[in-house]
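Asks: What follows is each chain in one-letter form.
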Amino acid sequence: ETGVTQTPRHLVMGMTNKKSLKCEQHLGHNAMYWYKQSAKKPLELMFVYNFKEQTENNSVPSRFSPECPNSSHLFLHLHTLQPEDSALYLCASSQVLEVTNEKLFFGSGTQLSVL
Amino acid sequence: KNQVEQSPQSLIILEGKNCTLQCNYTVSPFSNLRWYKQDTGRGPVSLTIMTFSENTKSNGRYTATLDADTKQSSLHITASQLSDSASYICVVDSWGKLQFGAGTQVVVTP
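Protein sequence lines correspond, in order, to chains A and B. Mapped onto the working numbering, the consecutive letters of the first sequence carry residue numbers 107 to 221. Mapped onto the working numbering, the consecutive letters of the second sequence carry residue numbers 9 to 118.
A hint or two may mislead.
[Claimed, not checked] No farther apart than 27 Å at their CA atoms in a straight line, the calculated lysine-lysine pairs in the DSS-like style are these: (1) LYS124/A - LYS209/A; (2) LYS209/A - LYS79/B; (3) LYS105/B - LYS146/A; (4) LYS105/B - LYS128/A; (5) LYS125/A - LYS146/A.
Hints were generated in silico from the structure; no laboratory data involved.
With the hints as extra help, turn the sequences into a complete structure.
Replies: This is the structure:
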């Protein structure tokens, strides 16, 4: 148990569905992240929230919508996804310092399949 | 082009044998370099973090080395076990921004 919990573990959705991924961290960290992991590719940073404020959005399509209601919870709302969005979606948290980033703690991920 | 290149892409080793994974990077400025282990269907878990001044760091049977001059790192697994089967990911921290390698898939066979 890493202290970062993601639900659901697996999700199958059609292109017209709306679903949400949930992440909760119990580590008291000040930053939370969404990453996309496709097979044999580096992890792709999607969104960063630092002290609940979104500080980074790496040109992610608008069909992905993040929400961070407080420093412990992070959501990723999904709608009208495409089959190429099928991937493992990882949530992570860390304690961000001035010029470096403390160790990332990852959740187990949500394996998403878009049909 | 990815600024963190890992090799080999995959390897198969016999249980009990040693292996070494490579990571070359071009990321600048450099804050630290991390190695993560990712089991299938799980999130990555941190193995080591090395700053500029550290040449080597161990975590059990895992030993990471860093040559900041040549921008190379390696991860050595000693006396491999079946539980070492996983993807090993090299990550370079550049003032808080993380650059990920694509990982090396290691399969340990009995």
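Asks: All the hints need checking, so say for each whether the structure fits it.
Replies: Each hint, compared with the structure:
{"no.": "1", "hint": "LYS124/A - LYS209/A", "result": "33 Å, violated"}
{"no.": "2", "hint": "LYS209/A - LYS79/B", "result": "21 Å, holds"}
{"no.": "3", "hint": "LYS105/B - LYS146/A", "result": "21 Å, holds"}
{"no.": "4", "hint": "LYS105/B - LYS128/A", "result": "24 Å, holds"}
{"no.": "5", "hint": "LYS125/A - LYS146/A", "result": "26 Å, holds"}
Comparing the model with each earlier hint shows a violation of hint 1 alone; every other hint is respected.
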